[in-house]
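Protein chains in written order, with our numbering: chain P, -1 to 478; chain R, -1 to 478.
FYI, nobody ran anything at the bench for these hints, they're computed from the structure.
These figures come from a predicted structure and were not determined experimentally.
Heads up, some of the hints might be wrong.
One copy or two, either will do: identical chains are not told apart, so a pair holds if it fits within one copy or between any two.
[Stated by the list, open to error] Straight-line Cα separation of at most 27 Å, BS3-like style, residue types lysine-lysine; simulated pairs: (1) 32 / 103; (2) 103 / 144; (3) 334 / 131; (4) 334 / 43; (5) 441 / 183.
There are 2 protein chains.
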Amino acid sequence: MPTSTREKRDKHYGEWFRNVLINAEILDYRYPIKGCGVWLPYGYKIRKHVTSLLRELHDTTGHQEVRFPIMVTETNLRKEAAHIKDFENEVFWVTYGGLKPLEIKYALRPTSETAIYPMLRMWIRSHSDLPMKLYQIGSVFRYETKTTRPIIRVREVTTFKEAHTSHATLKGAEAQIKEATQIYKDFFDACGVPHVVSRRPDWDKFPGALYSVSFDVIMPDGRTLQSGTVHNLGQNFSKVFDIQYETLEGNHDYIWQTCYGISERGIGALLSVHGDDNGIVLMPSLAPIQVVIIPIPHEERGCEIAELCEQVAEKLRTLNMRVEVDRRDGLTPGAKFFFWELRGIPVRLEIGPKDIQKRQAIIVRRDTFEKSACKIGDLPSKISLMLKEMTEELRSKAWERMHRRVYRVGDVDKAKQLLEKKAGIVELLWCGKAECGHKLEEKMNATVLGTPVDIAEKIEDNCVICGKRASDIIRLSIAY
Amino acid sequence: MPTSTREKRDKHYGEWFRNVLINAEILDYRYPIKGCGVWLPYGYKIRKHVTSLLRELHDTTGHQEVRFPIMVTETNLRKEAAHIKDFENEVFWVTYGGLKPLEIKYALRPTSETAIYPMLRMWIRSHSDLPMKLYQIGSVFRYETKTTRPIIRVREVTTFKEAHTSHATLKGAEAQIKEATQIYKDFFDACGVPHVVSRRPDWDKFPGALYSVSFDVIMPDGRTLQSGTVHNLGQNFSKVFDIQYETLEGNHDYIWQTCYGISERGIGALLSVHGDDNGIVLMPSLAPIQVVIIPIPHEERGCEIAELCEQVAEKLRTLNMRVEVDRRDGLTPGAKFFFWELRGIPVRLEIGPKDIQKRQAIIVRRDTFEKSACKIGDLPSKISLMLKEMTEELRSKAWERMHRRVYRVGDVDKAKQLLEKKAGIVELLWCGKAECGHKLEEKMNATVLGTPVDIAEKIEDNCVICGKRASDIIRLSIAY
């Protein structure tokens, strides 16, 4: 009986990830353009559950879905100085229409501020139009110069959920940052993906923002993956794009803005965090199939078995479970087990000749490989409970694993050693000065993630670099 | 009491369409790039119902949804000669990544054959992989040189559903053409959009296809809109992209392919066909809100009225109707009527002080403006029935209007006169020769739509051009 192990996955994570994507028919990365992949039918279904979750979280908090064009004029992209400076080296440019050069170049949007904000200027007239909370899910493009990796670092980001909100006051924008942070917490919680939430240092905030908050996930190889970001844009973009509203008193003021984004990196995190040596493991709520039923072939009682499998499937479907009976010929039960384990289906049922006699089925839970027999009549309640327990345990175990990889460290050498071993995230005391932050990055050859937003504590010691009174905790890691 | 009229719409259809898109908050076409529009929240919801319908029709017939990259390499786009020849003048080219020219140019896909087929080559090995039926919904791009129009002729087609199927035999591909044609009939039927189905003449088939079948809709201005196409690609692309499979006997053969597409033109057709002088009229199944309830303000009984409105809404929601109570302050009931009529909500309920006393509501049906009182307790059954009747009538009336605009004509002069008056579609007898077809197009300054696929009849007369024995009916129109 197999048990869940993660040794191979952890040791060769990059290879594991690339293999699982293609072998579990999630994404084919052999597309002839670097950094572009094809979502395969099974992967597309997982993606659909994830985007549905994102839509639900945004729709129920008053966000409205829209869809903006993929191309942005050069003029608009260049309007905000910090923004274009940061993106200039990674924008794809459309320069020809047919055989003729275009009069104005178009950028494939690297993110959509500069596509959306000129329209907000037309849409927002008065305080009664505010707050306005919009979002869209679509592609953005980055001509990545770093090594590309499927889902993790791509040139066409196919699943970018970005929200853009407009407010009458800074206070309104600040409240929105809190709501957005909560939405992202809820999202990662539903995916069972543990994370740290950090306020990015000033030198690494979103270009054009007042400040940025980031969700970072520790991947199996100990590197962190920035998986969601929330930005307070202040009035910076509204001044550049001249987006004003009429106040209650009849004056005019610039709107306050926030934006926040999550991409398929969220899917990458969720596949990686729960996966094991046998393949991916899916959170039941996000699994395209939650229960797969495998009839064990038998010469005499084959028909009876097939019939019972269908009956069980029908029964479970009435409880809104997503169930499939694997009736394929020419595959042994063992080959089918392997097939569905790789694809992370939460629960497997096996029904064979002995089970028919005993009116039972064998249940196997994907994450633990725990195996048990269950009377046919008890299956619905047993499986419901199992899916619930599995959800809880996947989440709590993932959090436990993460907590073991976040190290509070007293000195730089110890921190450096840990990161050299790809241990995860180190937390040190910091005076808050950029100078000391940069020194830390240099000494450790690591990236500052920022200061904790998700924990609050009293600091009573000194900065590990300059020795002056520390004001904050600083997190560093080897980041993707 | 208003009645449904279409005079203004028919007379100034272009203006009507453009206005209704922005005024009903469907699509904002003022985006700074020509041929690109922004789907607004309400329009996005309509689009979502339409794409859900498309997904359902494809999922239930064994199609699998996938997602391919938006960029295609120049090499692959150029592989099929007829294909690139036809698209060459309308491809957007990406030539720069950041500040550097790209080594290979990328095209923004004008359609996805050349993106998909190199991957099929890797995926298809043997007859057991066939048939393979894939589809995706996403953006394609055309650098249109003709006048652009929102939704109808755009440079970013935002909602292109394209299916691509692979088969072991020509017979399999032919059967697929039938299935695809049926899917599209079902789609337009669910939208209540009348159409003619024609086999395009050889000189106007999809570049690279054996033949093409098209769904054309007569728009209110009498021009036709190609709203869906189905193509039998034969082995043309599979030979170019070298997609072979191992047959049952162990030989190798090229696959047979079909592809078929529907874009947001389907949405354009549906908004236009049912619309009237007061705005759009939505098929109940596609309406984001099916019933809107307007409380009539009253000083004393206002609270009671509001309460009853909510109760009614709750009751209707339990029957899975999409219901909204319009509680907005500062808008008169009249302004609210106008607002929701413009947006095409199928049923409006009004509840005022008199109605409270009589335990009734006033019901108004959007398409007929038929007004009646109904006891509160009878509302669920009355409205259910009304939505059903409205669906049937919208569909049948639209078909009636279309049938009146399809003319069987004996000679070219009469046909020419009709098309000059923008009457719709003319049908003439034809010998089947391209020469005569071209002459017809020239003489009438019109477009050949092709020969009927949706009607079969015996032809017993002569070609209107050459006078030789006619073999077919030929349809012409002023096409968008």
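How the hints compare with the structure:
Proximity of residue 32 to residue 103 under the C-alpha cut-off of 27 Å is found in both arrangements, the shortest distances being 23 Å within a copy and 13 Å between copies. With identical chains, the CA atoms of residue 103 and residue 144 are at most 27 Å apart both within one copy (25 Å) and between copies (20 Å). Within a single copy, residue 334 and residue 131 get their C-alpha atoms only as close as 46 Å, which misses the 27 Å cut-off; across copies the closest is 23 Å, which meets it. With identical chains, the CA atoms of residue 334 and residue 43 are at most 27 Å apart within one copy only, with a shortest distance of 20 Å there and 40 Å across copies.
In this assembly of identical chains, the alpha carbons of residue 441 and residue 183 never lie at most 27 Å apart, being 32 Å within a copy and 67 Å across copies at closest.
Consistency with the previously given hints fails for number 5 only.
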